[in-house]
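Fit chains B and C to the known structure of chain A by using the hints.
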Amino acid sequence: MTTVEIEQIRAYMFVIGTGIVMAIFYYYIIYLYRSEKKGEKDYEKYSNLALDDELDSKILDKNPKIENDKKE
Amino acid sequence: MQSNATMEYDYSVVKLFMWTAVIFGIVGMTIGVLIASQLAFPDLNYLLGEYGTFSRLRPLHTNVVIYGFTLSGIWASFYYTAQRVLKVSISESGLLKALTKLHFLLYLVIATGMVVSLALGITASKEYAQMEWPLDALVVLTWVIFGINMFGLIGLRREKTLYISLWYYIAFFLGVAMLYLFNNMEVPTMFFSGGLGAWYHSVSMYAGTNDALVQWWWGHNAVAFVFTVPIIALIYYFLPKESGQAVYSYKLSLLSFWGLMFVYLWAGGHHLLWSTVPDWMQTMGSVFSVVLILPSWGSAINMLLTMKGEWNQLTENPLIKFMVLASTFYMLSTLEGPIQAVKSVNAIAHFTDWIPGHVHDGVLGWVAFMIFAALMHMAPRVFKREIYSKSLLESQFWIQTIGVVLYFTSMWIAGITQGMMWRAVDEYGNLVYSFIDTVSVLHPYYALRALGGLLYLIGMFMFAYNFFKTATAGKRLEQEPRYRSPMA
Amino acid sequence: MFHWLEKNPFFFAVGVFIVIAYAGLIEILPNFAEAARPVKGLKPYTVLQLAGKEVYKKDNCIACHSQLIRPFKAETDRYGQYSLSGEYAYDRPFLWGSKRTGPDLHRVGNYRTPDWHANHMWNPKSVVPDSIMPAYKHQFTNVADLETAYAEAVTVKKVFGTPYGADIAPGKAAYEKELKTKILPEALKIATAMKRDDLIKMVKAGKVPEVVALVAYLEKLK
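Residue numbers (this note's numbering), protein chains in the order written: chain A, 2 to 73; chain B, 21 to 508; chain C, 8 to 229.
Same shape as in the complex, but just chain A (with noise of 0.2 Å):
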C-alpha cells in the first residue's frame, strides 16, 4: 500500500468513525432524556448510590444472579 493510500483509508475512517460516534451520542442524550419523560427510566435515582451505600441500605436494581439473601 503506498503512503497515499494509507492517508486516504485513514482520513475515511476517521471521519465515519466520528461520525458513528457522535450519532450514537446524540441518540444516547435523546434516549436519555426521553425515557425520562416517558416514565421508563429515572436516571436520576442512580445518584442515590453513593448516598445509601450500607450493607443493608435499600437495593436499586437487584442483581438476580446473586442472592440478596439479607433483604426480604
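In case anyone wonders, no lab produced these hints; they're calculated from the structure.
Ideal Cβ positions, reconstructed from N, Cα and C, are used throughout, including at glycine.
Possibly wrong hints are sitting among the right ones.
Stated by the list, open to error - Here are a few chain B residues that face chain A, going by a calculated C-beta distance under 10 Å: (1) 104; (2) 108; (3) 109; (4) 163; (5) 178; (6) 212; (7) 261; (8) 273; (9) 274; (10) 275; (11) 278; (12) 279; (13) 282; (14) 302; (15) 359; (16) 363.
Coordinates of chains B and C only, in the frame set by chain A:
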C-alpha cells in the same frame, strides 16, 4: 440471615493503601521541594553526590508522586468505594481477599524497585514510563490482578446498576492497560546479544518520531487516565457522600463520561506541536484539546451544582472546601491546557516553565486535594475514629492553597518571560538574549516556586500528622457517620 | 439498549475500550506502516556513542535539555537547522525532552568542542559563570558500561535491521575484538581532544570514563 447480621465492609486493604499514600506523598513532595530549590540555589545539587543532582532526582519525584502517592490514593478509594456502591464486601470471597492483599504486596515490590532503580540511574528514559522491562512486567501482572479484583467485585454485586464512579474506574483500568502496554514495548538486549551486558537493559520497539508519538500518546493520556479519570471517580463518590447531596444531574455525568472517553485520547498530539510528526496530526491534537473543555467542565460544573443550596457547608466543613477547590482547579487546568495546545501559544509555552506550572496546578490543586479529602473522609469510617483535628485541616487547606497559587503564578510568569526572551530579536533581526540570560532572569520565580512548594509540603506534613493521630488517637466512634465526617 | 450496556460490565468495558482505542487506531498505527526513514547519509551510533547515550539517559540530561529544534527563525538562529524526522531514525528511545531549563542539544556537536565539554561537565560555572547546571564530576571516575552498549547495538541490528557491519555480532569474543579494534581507539581520540590526562590514562588502561562516552555522543549530535 445467618452471618450477614454481622457482615461488614472489609477495609483491610484500603488501610494499607491509605498508609502508602501518606508515606509516598511525603517522600515525593520532599524530593519535589528539593529539586525546585536546586533550580533557584544550584549548590543544593551536591547533597547526595551522584544521586542528588536535579536530573537524577526529577524522575524520582514524578514517579513517586504519580505511582506512589496518587495510585495509592486511587486504589484505597477504589477498594473502599467499589464495595460500597456495589453493596458487596471483599470478605465475602476468600479468593478476592487474598488477591487484594497480593495486589498491595506486588505494588510495594514495584514501588521499591522503582525508587531504587531510578536512584541508580537505571531508566528507559521515556517520561513517566522510566521503569525498565523487569518492573514493567511486574506492573502488567499487578494490573491484571487489579482487573480481576475489580471485575470480581462487580461479578458478586448485589446492586445491578454500576454507579458512575465505577464507570470511571473501569475506564482507568482499561485506558492505562492499553497505553502502558503499547508505550512500554521494549526489547531486552541480553537475549539477543548472547548474554552480554546488563540484564535489565532494553531498547524501545519504536525509533525517533514514532517513539515520540507513542510516548506522548501515553504521556498525555497517563495524565488522562491517572490524574483525571480516577480522580473524577473519587469526586463523584466523595463529594455527594460527604455533603449528603445527590449528584446534581446524573445524566450529565453519564454524558460527560462518554465525551471525555472519546475526546481525551486525541489530545496527546498537542505535546508534539511544531515537531516532526505529521501536520494534520498536530492539528488534530490542537482541535481535540480545545473540544476537551466541554466534557471536563461538564463534570466540574456538575460537582459545583451538587452543592447548590448547601454552600454553607463550604464554610463549615474543611473536606468540602478541599473538594470544591479541587473542582475549581480542575476547571482552571482544563481551560489552561487547551490554551497551551493552540499552536501559536504552544510556540511560546513549549519547553518553558509554564508547562510544569500547568501540570502542578492540576496535580496540587485538583489531584492531591481530592486525595486528601478522600483519605480524610475514609479515615473515620475505616478506623472508626473521629478526625483528630479540624483546625489542623483548616490550616492545611489555607497553607496549601497559598502554596499552589504561588507555584502556578510564578511558573506562568517564568514560562512566558522565558518564551518571549528566547524569540526576542533586535531591529536587525538578531537574537537579543543569549541562552544564559534567559536562565538568570528566572531566579526570583524559581525561588518563589520553591517557597510555594515548601508551603505545600508543610501542609502535607500537617496532613500526615493529622492522619496518623486520627488512626491512633481519634475519639472512638460508636456508629459509622452517614454523611459528614465527624472531626474534633 | 443503552441501559442494558450500563448493567453489563463486560460489554460496557468493551464499549469503553472501543471508544478509547479508536483515536490510537487512527492516529498511531498507520504511522508504523511508514516507519521513519533515515535521512541520507545518517550513520547508526557507534558503540562508544551508544554508551554515551546511556550516560545521557542515566544522568537524565533530558530533564533540562531538549533535542528538537523547531522551525522558527529564533530557534534556527540559536541552534541551527531545524530537526528532521529522518534524523532520529536510530534513536531508541527518542530523547527530545520536554523542558529547556538548559539549551537545546540537537546540534551541539557543531559548536562545542570536546575540551569545552570536559571543562563544562567538571564545573559548568568555569565556562558559563551564571550556569545553574550541577557539575557531573562522578562521570570522570565512573566507568561507562560498554558491554551493555554493545549488546544494544547487536540487538538493534538483529531485531530492527539497523545497518551495522558484520563485526557487530553476538558473543563475548566478538565484543572483545570490537573493544580492542574500534571502541578503545575511538575513546582515546575523544579523551585526547578533551585534554585531560586522567581521562587519557584511564582509557589507555582499558577503562572508558562515562564522560568520554558522553562527549562522543554529544559530538555525534550535529
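Tell me if the interface restraint on residue 108 of chain B is satisfied: Cβ within less than 10 Å of some Cβ in chain A.
This interface hint holds because 8 Å falls under the 10 Å limit.
Given a cut of 10 Å on the nearest C-beta pair, is the interface hint for residue 178 of chain B held or broken against chain A?
Status holds, d = 5 Å.
So, as I understand it, the hint says residue 278 of chain B touches chain A; can you test that by seeing if any CB pair is closer than 10 Å?
holds, 6 Å
Quick check on residue 282 of chain B please, does its C-beta sit within 10 Å of some C-beta on chain A?
holds, 6 Å
Against chain A, with CB atoms and a cut of 10 Å, does the hint on residue 279 of chain B hold up?
holds, 7 Å
Is the shortest C-beta separation between residue 302 of chain B and chain A less than 10 Å?
violated, 15 Å
Against chain A, is residue 275 of chain B within 10 Å by beta-carbon distance?
holds, 6 Å
Is the shortest C-beta separation between residue 212 of chain B and chain A less than 10 Å?
At 30 Å from the nearest chain A Cβ, residue 212 of chain B fails the 10 Å test, so the hint is violated.
Was the hint right that residue 273 of chain B lines chain A, CB cutoff 10 Å?
Holds. Min distance 8 Å.
Using 10 Å as the Cβ threshold, decide whether residue 261 of chain B counts as touching chain A.
OK, holds: residue 261 of chain B within 10 Å of chain A, min 5 Å.
Return the status of the interface hint for residue 363 of chain B: holds when the least beta-carbon distance to chain A is below 10 Å, violated otherwise.
With a closest approach of 20 Å, the residue 363 of chain B hint is violated.
Answer holds if the nearest beta-carbon of chain A is closer than 10 Å to that of residue 163 of chain B; otherwise answer violated.
violated, 26 Å
Violated hints for the displayed structure, listed by number in ascending order: 4, 6, 14, 15, 16.
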